[in-house]
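Student: Residue numbers (my numbering), protein chains in the order written: chain S, 873 to 1154; chain P, 873 to 1154; chain C, 873 to 1154; chain L, 873 to 1154.
None of these hints come from the bench; they were simulated from the model. No experiment lies behind these values; they were computed from the predicted model shown. Mixed in with the good hints, there may be bad ones.
The list treats identical chains as one, so a pair stands whether inside a single copy or across any two.
[What the hints assert, rightly or not] When the alpha-carbon atoms are kept at most 30 Å apart in a straight line, the in silico DSBU-like pairs for lysine-lysine are as follows: (1) K1020 with K1111; (2) K1020 with K883; (3) K922 with K1020; (4) K899 with K955; (5) K899 with K1020; (6) K956 with K899.
Number of protein chains: 4
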Amino acid sequence: MASTKSEKGWKSRVHEIIYEADTPMGKWFDILLFILIIISVLLVMLESVKWIDATYHRILLVLEWIITILFTIEYIARIATIKKPWTYIFSFYGIIDFLSTIPLYLSYIFAGSQALLTLRAFRLLRVFRILKLVRFLGEASLLRNALKASRAKITVFLFAVFIVSVILGTVMFLVEGEEAGFTSIPTSVYWTIVTLTTVGYGDIAPITPQGQLIATVIMLLGYGIIAVPTGIVTVEMGKQANVKKDSGNEHFVHVNTQACTTCSKEGHRDDAKHCYNCGSEL
Amino acid sequence: MASTKSEKGWKSRVHEIIYEADTPMGKWFDILLFILIIISVLLVMLESVKWIDATYHRILLVLEWIITILFTIEYIARIATIKKPWTYIFSFYGIIDFLSTIPLYLSYIFAGSQALLTLRAFRLLRVFRILKLVRFLGEASLLRNALKASRAKITVFLFAVFIVSVILGTVMFLVEGEEAGFTSIPTSVYWTIVTLTTVGYGDIAPITPQGQLIATVIMLLGYGIIAVPTGIVTVEMGKQANVKKDSGNEHFVHVNTQACTTCSKEGHRDDAKHCYNCGSEL
Amino acid sequence: MASTKSEKGWKSRVHEIIYEADTPMGKWFDILLFILIIISVLLVMLESVKWIDATYHRILLVLEWIITILFTIEYIARIATIKKPWTYIFSFYGIIDFLSTIPLYLSYIFAGSQALLTLRAFRLLRVFRILKLVRFLGEASLLRNALKASRAKITVFLFAVFIVSVILGTVMFLVEGEEAGFTSIPTSVYWTIVTLTTVGYGDIAPITPQGQLIATVIMLLGYGIIAVPTGIVTVEMGKQANVKKDSGNEHFVHVNTQACTTCSKEGHRDDAKHCYNCGSEL
Amino acid sequence: MASTKSEKGWKSRVHEIIYEADTPMGKWFDILLFILIIISVLLVMLESVKWIDATYHRILLVLEWIITILFTIEYIARIATIKKPWTYIFSFYGIIDFLSTIPLYLSYIFAGSQALLTLRAFRLLRVFRILKLVRFLGEASLLRNALKASRAKITVFLFAVFIVSVILGTVMFLVEGEEAGFTSIPTSVYWTIVTLTTVGYGDIAPITPQGQLIATVIMLLGYGIIAVPTGIVTVEMGKQANVKKDSGNEHFVHVNTQACTTCSKEGHRDDAKHCYNCGSEL
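Sequences are here, hints too, so could you generate the full structure?
Tutor: The structure is reproduced here in structure tokens:
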């Protein structure tokens, strides 16, 4: 009985540490996890740089194993201490946790039969660990709400941008020859979006006067319509900020400059009958 | 008599499906049309890629014919089921529908007499089918209203940008030689707009110190004045959102400047029958 | 006496046409002037394109002479019909009008003694004619007021951007070698502004990892601080729009939910003494 | 005694000139300092341009010594005339003043033992003199407050942008080969940020169709999310402008939800001692 009890107690304690951030231990766990994820993502990035991988291959592999083992422990602990493990396993974070842990094991299982390149691709899945950091963005509710509220409008906007890009891209394909890099309509549409969003790589650029004229129109168009998503989000954020302000609005009331006849304090509520300071009648 | 009736019923049923989106059939028709348009635009784009056109020419042509026949049926059905066909034919959507259907037929009509190059140009007209998607942007009334309201201001703004670009482009033409790519004033003006809108291809870039100094000023100018269209649209959208909010606010009504004949008071409700001050009839 | 009178009448009539836009003749004059300016600027631009100048030199010269003569007539008429000619001559528009008219004459005066290049430079002064179009932007008072009101803040902002650019440019000069194009601090500062304003030519680009890291920081910085001028102008425009709205505000009054005791109509003005509908006392 | 007095008087007079800008002398001092800093920064920048340094080395060195001596005098005067020198020395401005003065001396101290390259690096420290100009940005309190208030949200936003960049950069690394310049994940992430912030150098650009497709998505994403910081700062500035307006509004105070024990009324001032309704003590 006692053992079951202590076991339950152990489980719930671990659960508290892993799943909640209110206790001191929970906070430490979150900070540790944060650092581990950052390190693991840095490892994947460094490994992709050839000369670093060639020089420090062993160190990177050892660090990789340490991270993978720690993530494995975390993953098992999460499953062991939760009441409904399957809900977690197939949840958004559950799948990310699994995908973050598995690549190194997979690289050993398929090492004999598969090529090295595919292995690397599997390893890169670990970059999704960075999505775990989404947890730490929790306080950004205002941002999220504003984006959620303006999602429909921004979708309509981007769709309109896409329609315009297809038409202007086709026009540019007809106007500019292949010399300037406009080799097909998809490429022209790609160039139009590069220009419309003011990115402007310059790998493809119009060379004929009429092409440059149309390009100028596209640029000014892009310069003008960048205002649209900005306007949408700004208005939505303004609303969100007002909602926030108004929701707690009953805590602000209008006060007048009437002075209490007894204590001379000012700033009474408009509907006050007694002084808030000395209690004498007003 | 009965046959006429059923015929009328058939016409109105088709009309309902094609022109309205409220019924289940109407919705299905809209979704089908949406997919057809997307496919038809993709076909035009893929056909312009040389290796795709070379390898899959036959498949693309068959698909193109299927799309064209379906669009032809739709176009005829639209004309047949509407009361005033000519109003539809010369309406915005009517012209788009016609231009979306005709290119493939045209390519066969002119095949004997015209060159292959012109044929390709005709085929590309099909890209305008994407404009049919404008129908699906119908709910974006806030966006449209905000843009409509700020159109005059944005036109003035773009005109001012153009004046500045011509002057700065001429200055750059004088400062930078032809080595840097500033071969004529139109090219310099093109470069100035590329810079001012923060696109920055880099196909033309200043190389002299004084040219780079002026370029810096142009960039900072562009960085500063991008705020202008954004400000215009944001304020306009804020207004639109407020108008929407206020429209249901029964505590604020519009009053007119009509003066009471008895007491000369102004500011009566638009629907007032008596003066709010003295009570005499208006 | 009569002749003086008619002369005065002639002068004031011309004055009305040239300086005012309210009369039909004045409007026609403005539109004609607008078209003339556009043509004259196009001439300057086309003349700078080598092959156009080589092929159509004679036509361009004739058109240039026509424009110059018309501008000369306008300039003389402006001086002749105004009461205080010197005030006009040294005003902003007066100087522009003079600079727009003089280049062609100058090119003949100095033709013998000066080189052809300087001639071209004089001719290019005519591009300033486009500034005459500023007259036609008159209705953009909201834009101008908002920009005027936010000028101080935007100056402070651009000054801060410049300080940041000098420091980051110096850092990049130390980090990146000359291979990447960072040959001196001014060039590095130029690159930093190109990056910070999101123009990004690509003529100079970091190649070392640490350089690319700093470049990333500069880009994110630029992406973030582009919000500042936008915010300034938007808030200022919102204010301007409110000022405008409030100034004509007397057509909207607050109404209450008090119901008339006779006809039960609600929505009376707060200061109403009688029902607006039936006229009975409230 | 008299000498001490006059010395004190001298000290306080200098203190007034250096530290305050209200007196005429203080204003002149500030303007002189402003010009000196601009000159000193220009000197550092010019010195880095090879041909200028080669041709005018002597003049630059002399000017550099004059500036350094003047800054030394200013630094000593600041320490001498302030009551708590150590507070100044370790303050933000104190450290900047020190760093602005020391480089030239350092270059002589280390001249014998160190290499020329390190010398140049020391000299470049002088560019930090530009930070002295921060003093002159003092009136930009609205800007600073708005940025301070929106700092947390912008940090969250930039962090989210970074996460997205790492994921999209990794995807691009897998999709595009090394031919296009995507040689490692860090480089790909660098490219993603270059694209997302709409800088777009073009030194690295996708060449495969699938790469260009993903690039298009990244650009549209960047075009859309540039709205976020803009929205944040605009709303915050709008608030600041309102706060400024409201700050003189003593007629609004914060009230709490504490209920009076006698009459159960809520909404007392935070500093209330008596119920405003019945007068009983709280």
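Student: The structure should be examined with respect to each hint, and the outcome stated for every one.
Tutor: These are the hints, each one checked on the structure:
1. In this assembly of identical chains, K1020 and K1111 lie within 30 Å of each other by CA distance both inside one copy and across copies; the values are 13 Å within and 21 Å between.
2. Taking the shortest alpha-carbon separations for K1020 and K883, neither the intra-copy value of 37 Å nor the inter-copy value of 42 Å comes in at or below 30 Å.
3. In this assembly of identical chains, the alpha carbons of K922 and K1020 never lie at most 30 Å apart, being 41 Å within a copy and 41 Å across copies at closest.
4. Proximity of K899 and K955 under a CA criterion of 30 Å is satisfied intra-copy only: 22 Å inside one chain copy versus 44 Å between copies.
5. Taking the closest pair of Cα atoms, K899 and K1020 come within 30 Å of each other both inside a single copy (29 Å) and across two copies (26 Å).
6. Only within a single protomer do K956 and K899 lie at most 30 Å apart by alpha-carbon distance; the minimum there is 23 Å, versus 41 Å between protomers.
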